Amino acid sequence: MSATAAVHRLVRQRDAHAGWALLRADNAHAILALLTRHFGQEIRRRPAPELFELLDDDLQELRESGFHLPRTGQGYCTDWVRAGFLQRRADGAAREETLEPTDGAYAAMTFVEGLTAPVSAATESRLATLSTQLQSLARDSDPRSETRMSALRAERDDIDRQITAVEKGEFAVLDGARALERSAEILHLASEVPGDFARVRAGFEELNRDLRARILEDDSGRGDTLGDVFRGVDLIGQSDAGRSFTAFYDTILDPARSSQIDDWIESILARPFAAQLDADQLRRFRRLLTDMEAAAAEVHSTMSSLSRSLRHFVQSRAYEEHRHLQRLLRNAQHKAVDVARVRKPFDNLDLHLIRVGMSIESVAAFALHNPSDDLVTVKVDTPPTGVVDLEELRRLVRESEIDFDELTANVAATLRARGRASVADVLAVHPATQGLASVVGLMALASRYGHSTTDTDLVEWTSTAGITRRAVIRRQLFDPTAAEFRRQEGSSQG
Numbered sequence: 001m002s003a004t005a006a007v008h009r010l011v012r013q014r015d016a017h018a019g020w021a022l023l024r025a026d027n028a029h030a031i032l033a034l035l036t037r038h039f040g041q042e043i044r045r046r047p048a049p050e051l052f053e054l055l056d057d058d059l060q061e062l063r064e065s066g067f068h069l070p071r072t073g074q075g076y077c078t079d080w081v082r083a084g085f086l087q088r089r090a091d092g093a094a095r096e097e098t099l100e101p102t103d104g105a106y107a108a109m110t111f112v113e114g115l116t117a118p119v120s121a122a123t124e125s126r127l128a129t130l131s132t133q134l135q136s137l138a139r140d141s142d143p144r145s146e147t148r149m150s151a152l153r154a155e156r157d158d159i160d161r162q163i164t165a166v167e168k169g170e171f172a173v174l175d176g177a178r179a180l181e182r183s184a185e186i187l188h189l190a191s192e193v194p195g196d197f198a199r200v201r202a203g204f205e206e207l208n209r210d211l212r213a214r215i216l217e218d219d220s221g222r223g224d225t226l227g228d229v230f231r232g233v234d235l236i237g238q239s240d241a242g243r244s245f246t247a248f249y250d251t252i253l254d255p256a257r258s259s260q261i262d263d264w265i266e267s268i269l270a271r272p273f274a275a276q277l278d279a280d281q282l283r284r285f286r287r288l289l290t291d292m293e294a295a296a297a298e299v300h301s302t303m304s305s306l307s308r309s310l311r312h313f314v315q316s317r318a319y320e321e322h323r324h325l326q327r328l329l330r331n332a333q334h335k336a337v338d339v340a341r342v343r344k345p346f347d348n349l350d351l352h353l354i355r356v357g358m359s360i361e362s363v364a365a366f367a368l369h370n371p372s373d374d375l376v377t378v379k380v381d382t383p384p385t386g387v388v389d390l391e392e393l394r395r396l397v398r399e400s401e402i403d404f405d406e407l408t409a410n411v412a413a414t415l416r417a418r419g420r421a422s423v424a425d426v427l428a429v430h431p432a433t434q435g436l437a438s439v440v441g442l443m444a445l446a447s448r449y450g451h452s453t454t455d456t457d458l459v460e461w462t463s464t465a466g467i468t469r470r471a472v473i474r475r476q477l478f479d480p481t482a483a484e485f486r487r488q489e490g491s492s493q494g
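Under the UniProt record's numbering, the first residue of the sequence shown is numbered 1, with each subsequent residue one higher.
For the record, the hints were derived by calculation from the structure and aren't laboratory data. All of these numbers come straight from a predicted model, not from anything done at the bench. Be careful, since some hints might not be right.
Each pair of labels, with its calculated beta carbon distance range [to be verified]:
1) LYS335 / ASP56: 27 to 35 Å
2) LEU269 / VAL376: 38 to 46 Å
3) SER136 / ALA318: 40 to 48 Å
4) THR132 / LEU269: 20 to 28 Å
Backbone N, C-alpha and C fix where the C-beta goes; we use that ideal spot for every residue, glycine too.
Whenever a hint applies, use it, and build me the whole structure from the sequences.
See the structure below:
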């Protein structure tokens with residue numbers, strides 16, 4: 001590649017890659033510090049309100065230390081999402097938005113971490129890793145059975161020699177310094193996993209957009225991409241990236257492999273050199289497999305969700321509406337090009353455009369409810385306590401409720417005197433002290449402890465305003481054997 005081509009390629013990458021943009025941002029030091037602080041090995045995404053609150057506390061501390069960071073955590077997060085440092089995702093379970101670093105942000109964070117805590121490229125463990133990978137690649141890519149058999153026999157002979165040496169007690173034990181070096185190399189490789197998963201997920205999303213664009217661009221019936229989706233082919237899962245990740249996901253979720261990795265980690269932490277590891281390194285070793293499984297599960301969920309979404313996009317015929325909209329937009333663009341040849345943007349047109357639509361406002365424009373606004377700030381005067389007048393309380397209760405105790409006693413007294421009684425009979429002997437309420441109460445008692453007849457009665461009462469009222473009601477006779485009235489009779493005799 002010529003120097004000119006290389007420069008142009010890097011210029012395009014500088015303008016398009018979020019990691020490069022983050023490194024040359026004015027507040028790159030603060031952005032990287034805050035992202036690294038809140039998105040470490042164990043936490044890859046946070047609910048947006050939680051992140052806003054954490055950033056507000058950190059920003060206040062930084063301002064007190066002399067850094068000029070005038071905006072709020074929410075304001076900075078909005079800028080970082082727009083710049084491609086953070087990515088919004090909808091969390092269906094919690095019904096709130098989450099934020100997580102993009103693959104570009106992880107690339108910048110890994111680069112800076114390598115500057116502050118560099119890992120030597122000439123370590124024995126790094127060379128051993130390269131040798132193992134080269135040997136595996138040379139063996140697995142060899143199509144000849146003769147050379148494969150020769151390599152396997154050589155490997156078997158080497159293993160036999162090692163077994164013989166171990167049986168004789170002639171083997172070297174890795175010393176503390178070299179063991180710590182390999183431990184650091186393992187943890188460094190593990191620290192790159194979140195960025196790798198972010199790039200894989202971004203690759204799936206880019207593939208999803210490319211497949212949708214191909215479906216919209218192919219207007220000639222059912223093209224290859226559209227036909228594959230209609231036939232149920234999982235184009236995302238069966239892509240090169242999808243097959244590679246699926247193989248990794250199946251391997252890491254294999255119970256035998258997981259148990260083996262756990263045993264290895266427990267054995268390493270039981271070695272004497274593990275006492276020289278700090279608390280953070282010990283924690284990262286213990287969570288190595290758990291964090292990798294959780295991150296892989298998130299990527300697998302994204303891949304499955306994109307596959308389902310693409311299949312629904314095709315099977316629901318939604319792509320036809322998108323095609324129609326795309327044709328309208330392109331038609332409008334072509335007409336705009338034709339008009340641009342004869343009209344200028346600043347020309348006055350003899351047109352009166354009526355603007356129709358709705359006002360769209362940001363959610364941030366709404367004023368939040370402050371519970372403290374409903375608090376009473378003036379002093380509440382407590383009246384002095386006094387003696388309760390039972391008769392006054394009874395009078396207040398009678399103003400709002402029907403006195404069924406009085407009505408039941410009146411019915412019982414009338415039944416004792418006459419043997420039988422209707423609502424009109426009771427009112428004739430015991431006037432309605434509560435006006436219409438007494439009449440309604442007697443009718444309620446009669447419907448519960450009596451029965452109706454086909455005859456009618458004329459009832460009379462005096463309203464609270466002193467006006468005499470009359471009404472014709474169906475005759476209702478009380479049951480003299482009802483326990484409610486017999487109790488009243490017993491209490492009056494007692």
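Handout entry: Enumerated hints in conflict with the structure, sorted upward
Key = 1, 2
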